[in-house]
Amino acid sequence: MIFRNSFERRLFGVGVAYSAVVATILLLVNGHVFTSMDSTSHTYIAAAVVRNGVHSKFANIGTVWLPMLHILLAPLTLFKPLYSTGLAGTIVNGIATGGVLVYLSRIVTYITDRKDVLYGSIILFLSSGMTALYAATPMMEQLSIFFGLSGVYYFLRYWKEDSMPDFVLSGAFIFLGTLTRYGFWFVAAAFVVAMVTKELRRKRQHNLAFFHLPLWGGCLWFVWNGAIFGNPFSFFASKTMELSVWLQTSLYSRVLFLGVLLLIGGLSFLLPFFLTRKNAPLAIAPAVVYAMYVISYVGNLHGLLSNLRYGYVLFGLLLPSIVALRRMNKRKSTIVVALLVLSVIVSSGFVLTGVYSDFLGSPGVQELSVDQPELPNAVILLPIQGIHDMEHYPKQYLDAYDGQEWRRASRTPWNSNVDFVVIPAGGEGRIKDYRDSGPIDGFVWNFFRNESWRETFLHHFELVDNVESGRATYRLYKRLDASETNSTSARHNPKRGFCCTDNLARYSVLRQEKWDSRPLGRISQRIGGGD
Amino acid sequence: MSFAVDLVFSNIFFTASTALHLAPPDRITEESDLTQVPTNDQLPHMLVLVPLYNEVPQAVEETFTSLANQNYPKEKLHIRGIVEDGDDETKEYVEESKHLLTDYYDFELVVNTQGGMKAGAMNFALDQEDVDTEYMVIYDGDDDFEADQIMKMVILAEENDHDAIMPRVYRVGESLSGKLLTLDTHVWNTKILPFLYERFGVFPQSGEGCFIRRSVVEEAGGFPHTLTEDAMMSVDIAANDGSFGLVESRVYEQAPTSLKGQFTQRLRWNRGYLTCIRHTLTTDMPWRRKLGFLLPFIAPITSLLTLPTWIFFIGFWVVALVGGIQLIAPWMTSKWYVPFLYWSASLAFLGNVFIIYSYMQTIAGTDFEEYAPYALLAPLYWLFLSIAAFGSVFKGTKKWGRTDRTR
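Residue numbers (our numbering), protein chains in the order written: chain A, 1 to 531; chain B, 1 to 407.
Think of the hints as simulated: they come from the structure by calculation, not from any bench. Given the structure is predicted, the values throughout are model-derived calculations rather than measurements. We put the beta carbon where it would ideally sit given N, CA and C, even for glycine. Hints are supplied without guarantee of correctness; some may be wrong.
Far from chain B, by Cβ distances over 10 Å, these chain A residues were calculated [unchecked claim]:
| hint | residue |
| --- | --- |
| 1 | A20 |
| 2 | L27 |
| 3 | K57 |
| 4 | I91 |
| 5 | T112 |
| 6 | L126 |
| 7 | S163 |
| 8 | P165 |
| 9 | V168 |
| 10 | R202 |
| 11 | F210 |
| 12 | S234 |
| 13 | R407 |
| 14 | H459 |
| 15 | H460 |
What follows is a list of derived Cβ distance ranges for each label pair [to be verified]:
| hint | chain 1 | residue 1 | chain 2 | residue 2 | range |
| --- | --- | --- | --- | --- | --- |
| 16 | A | K198 | B | E95 | 51 to 57 Å |
| 17 | A | G230 | B | P286 | 49 to 55 Å |
| 18 | B | F390 | A | R9 | 23 to 29 Å |
| 19 | A | K160 | B | F390 | 46 to 52 Å |
Chain A side only, calculated, beta carbon under 7 Å to chain B, not exhaustive [said to hold, decoys possible]:
| hint | residue |
| --- | --- |
| 20 | I61 |
| 21 | G129 |
| 22 | H206 |
| 23 | W221 |
| 24 | F222 |
| 25 | V223 |
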């Protein structure tokens, strides 16, 4: 980013400092900045690419989450403190927050010269709870907002000034955005449609050659999926997607979700174009829809609360809307402004207390995961299904990608080279998922349905951790004293090169240190719980 | 094995070439202060060399017209048209068009009797010259340039004590290959040239609008007898701690009208650049300046390696997909080699996309915006360049290979 003046430089500094302050608070309270399962997943996926011993590979970027954040985090995770505390994410999103403020100021300044509006927009954006959350943690949203606002800024210039260089720049940012969150694919489509319509109307057909620039990110993702996972659509067709919460809901809900997503995405990014006196009510339409979205989902589909964050980008653009509204009569504008502010506060409050309820002071699955990287050579056996869940763990695991090796370990983990086995708990429906989609000899199915298998398993493995986070529960079993098992392969596997006993001893020490060092003390006893 | 090793070098060269496209386009180059134009007495005498060979009448007329339109004091511009002995047609065209110049300028036609390609012709003209000038500028046939170009370059040289100055040179054509060359030169002028100048303080000059302090050439013993004497001369100027400048002015030159003509032109440039690499490496100058020359000079090597690398890479991929990874040599799946494959795959997709983006970024908002659809064909053009790079390895260094601009 090239700063245009010292004000932009200072604004960028404010964004970085803001992230640092929030991260510091999280560190002091929690000992890390992971605030959700997703935040740990993002860090581990990044780490799996570069600090995973012989298993380090780009393919570990995976197929479900878009790769931009993971690529940016990967080199930072090489530094252990940044990795284990999640501060790698703070660095990336701190810079993104600075960038957001700079482009927010550019958009506002482009629309109006009023300083009070500019400062008001910045304060409004920073006052959102979600801004705080995403600025300091390894999440994708802040990066998305950065690419989104920069893309909108240049698209706005293209639209108003008929400037193709600005469309090209906008295309570059949207390209990066489409590699950050899927929601951007709608934005890219909206921009392309708008651009093509404009150029055709002006009879400049040759400029249609520029239309593809925002779409290359999606193409790249198709190529990646095809090349690495054998199916260009594997990111959508994978079991992971099926496990994703919104696809588990009814068809009606999916359609509603997609419709609202498209509406919010499209309208919010086009918001600045409506900022004329005549069209002012249209400018706030997305925000009103957003508020309705909050109400409908809170009332009916509480499980989908997390999707609210897709409307998060609206926060920064609220005040420019208000400027337009100020030209309306005082009474009307006051009511609308009040509604907007209320929707920001209420929605961010809902998200923080609902989805990110373990924001402060509550250990979740992320804490379990934080420990895992300390065992660089440990091997963890994970179920075939639920890569979404698996990605909460480092990649020294055996999973479906390991093919036959995973299948053998899955049948008889006690005869394989695994140190830990993760078994997701859950109701009948969840177990059924594993039976239907995995091989019949999958260890999760056997664990719950095959008594003799389970007995043998528990003879070799003991429950060491039982953690809950949000909707999921995981049970971590560690191998009993290695000498009691006959896992000769474990000891002599040159590829893995680990020693179970050392790892287990180290694991226990680390766990104890972790609990003891928690500023809030031991909140709940989870180790050694029954099954 | 050699193909696989080639991939390693190819990645490095391709990445280095891609890095040149990171520069933002259309950065302002140096502007001479034309608000304070020196009086006629203060302006120095200028020598203008116009080497011509197998030209068509329009090409001669185009360059002479541009020279006639210059706002430089007429009495201080000494123009020398140079033709090869035996090239009677060109000589005849010059005679037909010289009235454009002789009415105002000191114009002479020099017939080169000593051969030696373009460099030989210019050295011959310099030897014959008895007018003492501080600077000289070179134009080719078919050059169309702005009326204040020479004035701008002289003032810039005087203000900054530059030894070599270049305007932006655009090669324009109406054919498909001509349009693609236009795009290529556009990127060169608005991105790469300013980038090299800004980062390294040097750049390889090209023959159109090539402005040089005359004493520098004379100290070097004249222009070097190579296929790209202009670029080689730039290396010598840099080695003597010479100062370079870029002027905000344009030269338009007709692109080769046929694919064959462009192929010949590429062969000459590529071969010339390969010679320049050796010269740059063996010449004593700071490494920063060397890098400024080597980055553009490696372009033919990048093109040369690209084709076999992509063939190898695609073959590798297909074999792995169809026959399984066991058909691949074990060392190719080692942790040391696999990153190169990823790197290669990234370049294949992101690298090419990025360069297409760079092309489009460069022409957006310019007079060439209408060429945007042709930017999408750029990968085919690179394939063509790769084949030309192969050919250049077998090209001799003695035969010049004139660019065909027959219209």
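Each hint, compared with the structure:
1. A20: For A20(A), whose nearest Cβ neighbour in chain B is about 29 Å away, the distance exceeds 10 Å, so it holds.
2. L27: holds (34 Å)
3. K57: Violated, since 7 Å does not exceed 10 Å.
4. I91: holds (23 Å)
5. T112: holds (26 Å)
6. L126: holds (30 Å)
7. S163: violated (6 Å)
8. P165: P165(A) is in fact no farther than 10 Å from some Cβ atom of chain B, at 4 Å.
9. V168: violated (5 Å)
10. R202: holds (13 Å)
11. F210: Violated, since 6 Å does not exceed 10 Å.
12. S234: holds (15 Å)
13. R407: Consistent with the label, R407(A) stays out of reach of chain B, its closest Cβ about 18 Å off (over 10 Å).
14. H459: H459(A) clear of chain B: closest Cβ-Cβ about 37 Å, beyond 10 Å.
15. H460: holds (32 Å)
16. K198(A) - E95(B): 51 to 57 Å: holds (55 Å)
17. G230(A) - P286(B): 49 to 55 Å: Hint holds: Cβ distance 51 Å, inside 49 to 55 Å.
18. F390(B) - R9(A): 23 to 29 Å: violated (50 Å)
19. K160(A) - F390(B): 46 to 52 Å: Between K160(A) and F390(B), where Cβ atoms are some 49 Å apart, the hint holds.
20. I61: violated (11 Å)
21. G129: violated (36 Å)
22. H206: This hint holds: H206(A) lies near chain B, its Cβ roughly 5 Å from the closest one there, short of 7 Å.
23. W221: Violated - the Cβ of W221(A) stays beyond 7 Å from chain B, reaching only about 11 Å at its closest.
24. F222: violated (11 Å)
25. V223: holds (6 Å)
Violation of the numbered hints given earlier is confined to hints 3, 7, 8, 9, 11, 18, 20, 21, 23, 24; the remaining hints are satisfied by the structure.
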